[in-house]
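Enquirer: Kindly produce the complete structure, drawing on both the sequences and the hints.
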Amino acid sequence: MEKLFLSEFPELSRETLRFIKKGFDTSYRAFSREYGDTIEAVFDPVLYFLVWFEKLLQNSPWPLVLICFLAIIYFGSRKISVTVGSLFAFLLIGIFGMWEDTMSTVSIIGVCTLLSIGIGIPVGVLMAKSERAQRICTPILDVMQTMPSFVYLIPVVMLLGIGKIPGLLAVVIYAIPPIIRLTNLGIREVDSEVLEAADAFGANPRQKLFQIQLPLALPTIFAGINQTIMMALAMVVIASMIGVKGLGQPVLKAITNQYFAMGLFNGLAIVALAIIFDRVSQSFGHRIQQHRSGARE
Amino acid sequence: MSEIKIQIKNLYKIFGKNSKSALEKVKDGVNKDELLEKYNHVLGLKDINLDIKEKSIQVVMGLSGSGKSTLIRHINRLIEPTDGSVVVDGDDVLKMNDESLRNFRRKKTAMVFQRFALLPHKTVLQNTLFGLHIQNIDENEANTRARKWIDRVGLSGYEEKYPQHLSGGMQQRVGLARALTNDGEILLMDEAFSALDPLIRKDMQDILLELQDELHKTVVFITHDLDEALKIGDRIAILKDGIMDQEGIPADILLKPKTKYVKDFVEDVNRARVIKAKHIMSTINGQDISNAMVVNQDDFIDRFIDKVISEKPNCIIVKDKQDKNVGYLSSTRLAEILKR
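Read top to bottom, the protein sequences are chains A and B.
Taking our numbering, I'd label the letters of the first sequence as residues 1 to 297.
Taking our numbering, I'd label the letters of the second sequence as residues 298 to 637.
Quick caveat, the hints were computed from the structure, so don't treat them as lab data.
Cβ coordinates follow ideal geometry from the N, Cα and C atoms, glycine included.
If a hint is listed, it holds; no wrong ones were tucked in.
A partial selection of chain B residues facing chain A, derived with a Cβ cut-off under 10 Å: (1) ASN373; (2) LEU398; (3) ASN400; (4) ARG403; (5) LYS404; (6) MET408; (7) GLN411; (8) ARG412; (9) LEU415; (10) LEU416; (11) PRO417; (12) LYS419; (13) GLY472; (14) ASN479; (15) LEU485.
Expert: Below is the structure:
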């Protein structure tokens with residue numbers, strides 16, 4: 001008996017384990033039957049916006065969309081090289097028949113990024129302001145970043161079914177941690193002497209946040225936004241498994257049918273989008289640090 | 298004229314987790330080293346009593362770790378004391394709630410920092426009007442006031458530059474302009490000139506004295522430099538290890554040091570440059586004042602010493618601004634003072 005105990009880990013009986021798992025699943029299923037519709041309704045506005053945005057990009061004349069993109073890219077980066085490079089990338093994407101899918105991907109990435117910024121920055125600020133919030137949020141962020149995305153896709157799909165919203169949620173869960181972490185870090189890194197000066201002149205906490213902490217943390221926050229966009233793009237293939245349209249679906253089809261060229265083209269389109277997003281957000285991040293440029297006089 | 302503006306009473310500051318119980322130990326006579334070693338608390342300030350007169354420059358001097366920066370931060374309560382009181386214009390700063398403390402800091406005080414503490418993302422102009430901006434003062438008025446002080450500290454033409462593009466001396470001018478734009482009655486200067494080169498430091502001291510002649514603020518000036526303290530201080534308090542060793546006018550600190558620490562400190566000072574005639578004169582009672590030389594009571598010794606040596610007067614008569622004889626100075630007394 002003694003020997004057996006040491007060589008085999010004392011585990012729960014198969015019966016008990018099945019009972020636990022089944023109980024868990026049943027209660028979650030009951031929960032999703034009960035509240036699924038309500039939760040879905042909560043996300044309706046996001047869904048409408050996402051659908052509207054996607055249709056807008058797909059149904060507008062392509063030259064117009066392209067010009068808008070290039071204008072945003074130019075005013076974001078202020079670099080001719082990036083703009084011209086993006087023009088070629090978009091032309092190639094269009095010529096190779098991936099324009100429509102690319103528009104879908106851009107729309108979902110755009111909405112996910114906006115959502116991540118909208119939720120992530122306030123949470124990051126909260127973490128920077130309160131030690132307790134930081135202690136609670138850090139392990140949650142660790143889980144969000146390391147938990148295999150398929151695992152949290154299961155309850156999301158059980159709750160909301162297949163479609164855009166569960167895909168959106170999956171992408172946001174995966175992509176939001178960097179912006180939260182870097183907002184927190186950026187605010188905590190603000191020079192304490194500058195904050196002391198603000199205190200000495202009688203700034204209240206809101207004035208300190210909006211006039212000093214956030215502006216000074218902005219470069220770090222922008223690094224977070226950049227990371228968030230990159231991670232969202234990395235999720236498009238997985239999101240396509242639960243019904244999100246875009247460049248991920250052809251990739252998925254290519255994997256299951258061993259269409260190498262198809263996979264490669266769509267994969268390269270994702271890479272091109274990633275590079276464009278990255279260059280634009282990085283040079284925008286650099287540009288808002290105007291005060292750091294130039295030498296002493 | 299000489300009303301008390303800031304009154305610091307029995308102020309204690311102990312850094313550490315359980316400062317209240319450490320306070321008892323300090324009041325029972327435990328010293329700084331023992332407190333750190335046995336109880337793991339740092340004694341910041343011990344029983345500080347200081348009355349700061351309105352419209353004067355009060356210097357607080359000490360070496361690093363003496364608690365001088367801690368002391369100045371109690372006046373606008375950037376640091377909470379462990380015990381004691383700080384009364385400004387009759388109001389106890391330590392009893393204010395958040396709102397009234399913010400108002401007190403906005404209206405009554407302004408601070409200049411050792412390492413400038415400018416806002417790196419704002420221009421010189423925006424930095425200068427920061428205090429007014431915080432108070433939601435009308436943009437145009439704030440602009441006018443800020444530009445006036447930028448001009449006054451000699452930074453016209455730099456309004457749109459960022460602090461990083463300026464030299465240290467110029468950055469501290471911005472710091473000074475920012476404080477003056479706020480127009481508080483109290484100016485707190487925490488080693489404001491210590492990070493600057495000697496020449497620029499002298500410049501800034503002159504600017505401060507010149508402005509003070511005109512503005513008559515109550516200035517609390519922290520420094521570790523005795524020459525600076527003697528040059529600008531109306532009164533000087535000397536701190537050592539969180540304890541105030543001596544407080545008085547510069548001449549008294551030089552001529553009557555109370556402790557060995559102060560004595561060692563002032564030993565090498567050129568007295569002729571610090572002591573004025575009025576500090577060492579005695580009252581006239583029937584001395585022979587024929588062949589006397591006349592000096593002003595506010596003249597430093599080094600302004601008339603050459604003349605004394607060449608003319609060898611019988612005695613020196615000290616007059617005040619109204620040309621009235623107020624005192625008498627013998628050459629023996631003068632020699633005694635100047636002898637180390």
